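There are 2 protein chains.
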Amino acid sequence: MSAIELKHGLAQAQAEIEQALDVLLPREEGPEASLFAAMRYAAMGGGKRMRGFLVLEGGRQFNVARNSALRVAAAVEMLHAYSLVHDDLPAMDDDDLRRGKPTVHKKWDEATAILVGDALQTQAFAVLAAPDTHPEPAVRAELCLELALASGARGMVGGQMLDILAESAVEPLTQAEVGRLQLLKTGRLIEFSAEAGAILGKANQSQRSALCNYGHDLGTAFQIADDLLDATATAEETGKATGKDAGAGKATLVSLLGLERARAQAERLVSQARSHLDSFGEKAELLRLLADYAIARRN
Amino acid sequence: MSAIELKHGLAQAQAEIEQALDVLLPREEGPEASLFAAMRYAAMGGGKRMRGFLVLEGGRQFNVARNSALRVAAAVEMLHAYSLVHDDLPAMDDDDLRRGKPTVHKKWDEATAILVGDALQTQAFAVLAAPDTHPEPAVRAELCLELALASGARGMVGGQMLDILAESAVEPLTQAEVGRLQLLKTGRLIEFSAEAGAILGKANQSQRSALCNYGHDLGTAFQIADDLLDATATAEETGKATGKDAGAGKATLVSLLGLERARAQAERLVSQARSHLDSFGEKAELLRLLADYAIARRN
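As they're listed, the protein sequences go chains A and C. Heads up, the first sequence is in our numbering, so the first residue is 1 and it goes up one at a time. Heads up, the second sequence is in our numbering, so the first residue is 1 and it goes up one at a time.
Certain hints may be false.
Given that identical chains are not distinguished, each listed pair holds provided it fits within a single copy or across any two copies.
Below, a list of computed lysine-lysine pairs in the DSSO-like style, where the Cα atoms sit at most 30 angstroms apart [as the list claims (entries may be wrong)]:
(1) K244 x K107
(2) K244 x K106
(3) K250 x K107
(4) K106 x K250
(5) K283 x K250
Hints in this document: simulated from the structure, not taken from any laboratory. Please read all numbers here as calculations on a predicted model, not as lab measurements.
Between the sequences and the hints, there should be enough to build the whole structure, so can you do that?
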């Protein structure tokens, strides 16, 4: 297998996740049509779908029913989309562009963007908890719990808070603090995405841990790669403003370690991520290629 | 039983729910302490706890374990608190005071308030999905699903969107449209609160429907009473700005029907709410008294 197969696998996952989101998000009709339209705009029509792809590929290791995995993939992408909509708000990162398109508060308004994020979060839990996601309620309840732990005050939202606090901090963050911030802000949800297929497939604890650890290292490598892109790529390549971290005096692993050492660290993490998949054989090859891609991409 | 017993029952529930929130919300420590502090500020230390009280009293009809009911009551109050924090934001209702205290974005800032609302919503689902809430996963999954349906795009958040759209609408809302708006914005969560004890107690469908219908009529009566208070009470009595609806030219059942007919409608709803409890006997007396209180209160 090679990067071509990964490209094909990602494109296939993107198309299927798009279709699942189309089914699972409310249609643009009735008096609240503008809310529904903005939810669809925020969650559909773009994005790498790395989190959703992780759910699908994780599920494939355990022969999880495709529809189950797709619902969970869509739920994770809704959760991710909510975090982006709120992160882009003027009171947060104040971004006008996301994936090359106007952000929700630019295309609609701030109130709509707040509500869109709120409703996308709720919808993610509605999808996970619904009987169609898995015949066993224990699996559905566990998915809800694990997603909540990954994304709440001690997960993603906690990380966003640290990010905001770091901007006004007198002392720059240490390497350990940056690592913890990024683990919370983006890592936990990537870990959940990688592990979700194992939850759906009722895998044993060692298989669950392997995927979770893979997600951990992949997420960290991905974040360093993002910071490297912010430091070295153009807005045209990434579809969003670049050079923002340095402009904001923001500590990242790149600013703390320098380009070369950060790159080397990302490579070590990719190799470590691959090693967690050793027991999975050929079936996990796309996950291994995704780890390579995490640091090879230009957007 | 009389209003004194209700007052005592409400005070008892408030104290127990406060204690449950204290346990279930993150402690103010570590680098994210300000997020945790603001979450606790938003969710604790005030409020009538009507929704939590409904969960507890509903659960009591079916001898639900107190700790189960308290966790669900706390989750509903977290969800309600999240909606208030976001509703108070400058881009939404732009309120400086809530329960006589500065709103979260006034005491902290807008970014913190956005994240506090986000994290309170997540925490509500984390609490419902956790094994401590009920030994049976099917009950936990159902609670997650029903809360999500009550509070998402087709529930509370949808209602908030309609409320915002109504402000800029050319035509004032009709009575039917106002009714639907309020059912979504506040009614669905009150219905869920009334029904949650029956879900926890694995009650039969007719008992579930009875409590849900009770919640429906109670919620509608409560909303009319709120609008009546906005039209007739002082800020000192209610702890928040009053006369806002008329000032904003906002259509409510009070503006559409006039004070007297609105009051009569609220009274009819209270009597109807009580009638749904006919099969519950003496044990449901506090729920009946709550319906009376919904329209008798001055705050």
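(message) Name the hints, by number, that the structure is in violation of.
(response) Of the numbered hints given earlier, the structure breaks just one, which is hint 5.
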